[in-house]
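Chains L and D, in that order, give the protein sequences.
Under my numbering, the first residue of the first sequence is numbered 693, with each subsequent residue one higher.
Under my numbering, the first residue of the second sequence is numbered 27, with each subsequent residue one higher.
If you're looking for bench data, these hints aren't it; they were derived computationally from the structure.
Note that the Cβ used here is the ideal one computed from N, Cα and C, for glycine as well.
Check each hint, because a few of them may be wrong.
[Claimed, not checked] Listing some non-contacts, in silico: residues in chain L with all C-beta distances to chain D over 12 Å:
1) 733
2) 753
3) 778
4) 829
5) 832
6) 971
7) 1032
8) 1033
9) 1044
10) 1048
[Said to hold, decoys possible] Here are the in silico distance ranges between beta carbons for each label pair:
11) 708/L to 271/D: 46 to 56 Å
12) 67/D to 714/L: 25 to 35 Å
13) 147/D to 1011/L: 49 to 59 Å
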Amino acid sequence: MSFSWIRVGAVARKEWYHVRRDPFTMAVGLALPLIMVVIYGVAIDFIIKDVSLAVSDSDHSQASRRLIDTFVSSNYFRGRSVPNPASAMTAVVSGDAKAALIIPPTFERDLLAGRSGQAQILLDGCDNSTVTPVLSYLDTIEAIASSKLAGATNDLPYDLRVRYLFNPELNSRWFTIPGLIVVIMAILAVFLTALTVAREWENGSMELLLSTPVHPIEIIIGKAVPYAGMGAIAIAFVYIVARFAFGVPFAGHLWVFALGCALFLVTYQAQGLLISIATRNQAVAMQVAMISGMVPSNLLSGFVFPIASMPRFFWYFTMLLPARWFMTIARFSFLEGSNFSQLGVSFLALGLSCAVMTALAVRAFKRTLE
Amino acid sequence: MEDEVVVEAKQLLVRYGDFTAVDHISFAVRRGEIYGFLGANGAGKTTTIRVLCGLLPPTSGDVRVAGIGYRQDEAPLKAVARPPWGMRISAGGYERVERTIKTKVGYMSQKFTLYNDLTVGENLDFIASLHKMAPAVYRRRRQELLEFISFKKNLGDMVGELSGGIKQQVSLAAAMLHDPEIVFLDEPTAGVTPAGRLRFWKLIRRLAENGKTVFVTTHYMDEAEQCGRIALMRDGRLIAEDSPAGLKKLIFPEPVFEFDPIKPLSFSELKSFETHEAFSFFQPYGHRFHAAAANAEVWARRAPDLRTIFSIRPIAPSLEDVFIRAIEGRR
Chain L
693 MSFSWIRVGA
703 VARKEWYHVR
713 RDPFTMAVGL
723 ALPLIMVVIY
733 GVAIDFIIKD
743 VSLAVSDSDH
753 SQASRRLIDT
763 FVSSNYFRGR
773 SVPNPASAMT
783 AVVSGDAKAA
793 LIIPPTFERD
803 LLAGRSGQAQ
813 ILLDGCDNST
823 VTPVLSYLDT
833 IEAIASSKLA
843 GATNDLPYDL
853 RVRYLFNPEL
863 NSRWFTIPGL
873 IVVIMAILAV
883 FLTALTVARE
893 WENGSMELLL
903 STPVHPIEII
913 IGKAVPYAGM
923 GAIAIAFVYI
933 VARFAFGVPF
943 AGHLWVFALG
953 CALFLVTYQA
963 QGLLISIATR
973 NQAVAMQVAM
983 ISGMVPSNLL
993 SGFVFPIASM
1003 PRFFWYFTML
1013 LPARWFMTIA
1023 RFSFLEGSNF
1033 SQLGVSFLAL
1043 GLSCAVMTAL
1053 AVRAFKRTLE
Chain D
27 MEDEVVVEAK
37 QLLVRYGDFT
47 AVDHISFAVR
57 RGEIYGFLGA
67 NGAGKTTTIR
77 VLCGLLPPTS
87 GDVRVAGIGY
97 RQDEAPLKAV
107 ARPPWGMRIS
117 AGGYERVERT
127 IKTKVGYMSQ
137 KFTLYNDLTV
147 GENLDFIASL
157 HKMAPAVYRR
167 RRQELLEFIS
177 FKKNLGDMVG
187 ELSGGIKQQV
197 SLAAAMLHDP
207 EIVFLDEPTA
217 GVTPAGRLRF
227 WKLIRRLAEN
237 GKTVFVTTHY
247 MDEAEQCGRI
257 ALMRDGRLIA
267 EDSPAGLKKL
277 IFPEPVFEFD
287 PIKPLSFSEL
297 KSFETHEAFS
307 FFQPYGHRFH
317 AAAANAEVWA
327 RRAPDLRTIF
337 SIRPIAPSLE
347 DVFIRAIEGR
357 R
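Just chain L, same shape as in the assembly (with noise of 0.2 Å):
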């Protein structure tokens, strides 16, 4: 009457041929990886480069045809030139330039006479997904800038350069690629796993596992494996993808990122199993599944927003979700090459709210069972 690897493998088998026939569950497992791969490695871009940027120099001086020619060489401005500034501000109001700079006539002579040169930047305030890089590439360039200009002028001997560790040309892929292996696997472990118990209530097939002598024990791991197996192959092909077709490097320990992968995945398909005991439903299931598995691994893990400029409340509340602390691994894992005591905290984290959600699935199946 004991624990039996034979009734785990019997119900594993059972649930594979249910991933096999089902359409859906085999394009949720397969399709997805490769849908998400595309749209986060290819379509979107973080970077924003070409930014259309309409100059009025009314200085035309050698210092404001340098500050001119650090934006342009940046790459990250087109520089278009406009007669007067009314022109600038209507380039911008009308949209056909997201920024704006100005150079007033008296640039090179308040420099020459030891003021500070000043130029104006107009942005664009309505589209946010531009102001915050060009903000960020702004301080670059004015460091640069006023470097080159002081150079020109006192012949400093300092000279200011900005380099970017672990990613040096901010290549964005680098840093979006490793957090999607978080979101796809919210997707197939709490999704997957959310519909499985929820459908044998619901087909009245549990009756039926009941009356045997399985143990709820055996159930939950047989169910469990099939989509484990799914994940790991999404991992993989993810991995492979960042690796070799987008250049990702890998710094670290394979063996830790493998690690805090089975960790995540038995902490997400725990809490998909737990609410599939707790609703008994496959449309509540889903529903309860995409609001408590995808959307904060996709809002909250730092995936899309940086967990540091959250909110105080928000910032506390990411930590209890094991999104976060294996986006770190992930990020930390691919990028830094950090090893196994570096990410301790995160470790620790993620092996707690694994062994807390294995335990309340464990015992809300046990109990429902009763």
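Starting from the structure of chain L, add chain D where the hints point.
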């Protein structure tokens, strides 16, 4: 062996919160019996079966199934072994008892429980593995059962593509796979064609002839007639238990007649008969009526009048009459 009690419940009580689903019922079923459970929906039939199959721990009461017994006092859960019904159970609690019971009984639930997206063979393989049957034993048993239900389709056919009647037969085979002594069938013929129902009941009778005990619920009275004994349940209580003939006598101690209207009746005439003083029971039965005489004196006085409207002959009440009177409490 013949008179051996294989299923017994004493003062079985099941409560869900404040709701009492099964209210202190007691009964005993002997080996080889076809024992019918009749009652309206929600009367507690399925709950009782679930307790007997080890799917649901009772709130309190004594249950013994296939030699395995457990008693539930107020608290806590504990298995007991009683010598007359043998099989000693070490203190392992309900879970242990429940598991042992599941190896000894077969259960076919009200809902169709096989997987539609699996083939017949895959479904049977799955259930055999859950029972940890040895491959050779399983193959032989499967062959026997498929012959028993005269299965003519392929093992590779999807269950979802079978007809309702064949699905139920395959379900029965699945429930019998581990060769249980007792099989619980909860409305096994719901949604099955009349021909399919006949075939299914032939199987039930053959099971009983082979010494299996069949515990069955149904809403079809022609099926209930085929049971050895019937228990009538109403609101969680067992209100009567006897053979079909015995039940008819028990529920209808007074003479029962069939009334065949000589000419069609109007609706108001019909209404007046339902409350007529001569009858203690008056119900339509096809285009005829079944009625029970209230008492001999009134009957003798009113019968001549009635004979001008109906041709009347004495009959035995049908089980349907029994059901209507006992379960639905109508006159």
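Status of the hints after comparison with the structure:
no. : hint                        : verdict
1   : 733                         : 34 Å, holds
2   : 753                         : 78 Å, holds
3   : 778                         : 71 Å, holds
4   : 829                         : 56 Å, holds
5   : 832                         : 58 Å, holds
6   : 971                         : 18 Å, holds
7   : 1032                        : 39 Å, holds
8   : 1033                        : 43 Å, holds
9   : 1044                        : 29 Å, holds
10  : 1048                        : 24 Å, holds
11  : 708/L to 271/D: 46 to 56 Å  : 53 Å, holds
12  : 67/D to 714/L: 25 to 35 Å   : 33 Å, holds
13  : 147/D to 1011/L: 49 to 59 Å : 50 Å, holds
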